[in-house]
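**Q** Sequence:
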Amino acid sequence: MSSNLTSSEIIINQNPMTEKVIQLETKINNILFWICFFITILTVIMVLIEFFSKGEYPPSHIGVFYVGVLAIYSLHKEAIRFLEHASPSRSQRKGELFVYFWIIMTAILYLVNFLTKNSFSYTKYGEETRSLMDATYLTLEVGAVFILARILKLLMVRFLYKNEKR
Numbered sequence: 003m004s005s006n007l008t009s010s011e012i013i014i015n016q017n018p019m020t021e022k023v024i025q026l027e028t029k030i031n032n033i034l035f036w037i038c039f040f041i042t043i044l045t046v047i048m049v050l051i052e053f054f055s056k057g058e059y060p061p062s063h064i065g066v067f068y069v070g071v072l073a074i075y076s077l078h079k080e081a082i083r084f085l086e087h088a089s090p091s092r093s094q095r096k097g098e099l100f101v102y103f104w105i106i107m108t109a110i111l112y113l114v115n116f117l118t119k120n121s122f123s124y125t126k127y128g129e130e131t132r133s134l135m136d137a138t139y140l141t142l143e144v145g146a147v148f149i150l151a152r153i154l155k156l157l158m159v160r161f162l163y164k165n166e167k168r
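Numbering (the numbering used here), first residue to last: 3 to 168.
No wet-lab data here; the hints were simulated from the structure. Even for Gly, the Cβ is constructed at its ideal location relative to N, Cα and C.
Pair ranges (Cβ atoms, derived): (1) ILE43 with LEU142: 16 to 26 Å; (2) ALA109 with LYS164: 36 to 46 Å; (3) LYS164 with ASN32: 23 to 33 Å; (4) THR20 with ARG160: 13 to 23 Å; (5) LYS96 with PHE67: 14 to 24 Å; (6) PHE161 with GLU129: 44 to 54 Å; (7) GLU21 with LEU113: 46 to 56 Å; (8) PHE116 with LEU85: 43 to 53 Å; (9) PHE116 with ILE37: 28 to 38 Å; (10) ILE106 with MET19: 36 to 46 Å; (11) PHE161 with GLU130: 42 to 52 Å; (12) PHE161 with LEU117: 41 to 51 Å; (13) LEU85 with ILE153: 16 to 26 Å; (14) ASN120 with PHE161: 40 to 50 Å.
Modelling step: build the complete structure from the supplied sequences, incorporating the hints.
**A** Structure below.
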């Protein structure tokens, strides 16, 4: 055991039942990550088709489902961090990749639309499409899930720090 652990952390780490729960929840979280990854790929494909087709494909309406799955994964990940707060081994930041990807992809879509003089903002009949705004909303919602998960993490750290002082 590392000497920088507090007595409450040592007790948590030595509890075999807690370790079993952490192992199981970590396996579940890995599955949730890959489900979220798959749904991200599916959503990205649908958003890109909708954008580049200039309104030929209808809106996918997958955003709420996708953000919900992302929230489930993020909240579960933070719950595991809370449970295993004594374990420094979980430094993975896989979930943050979703946020970075969406921001970069949406920025590129804006750039493409700008460089083509708003060509992707209108159908061939001159009607305005919602695809770029839908991608923007989805990106902001993904960012909101990320920020909420970070706030929960900060609250957890504050809570644990406060309890260790007692």
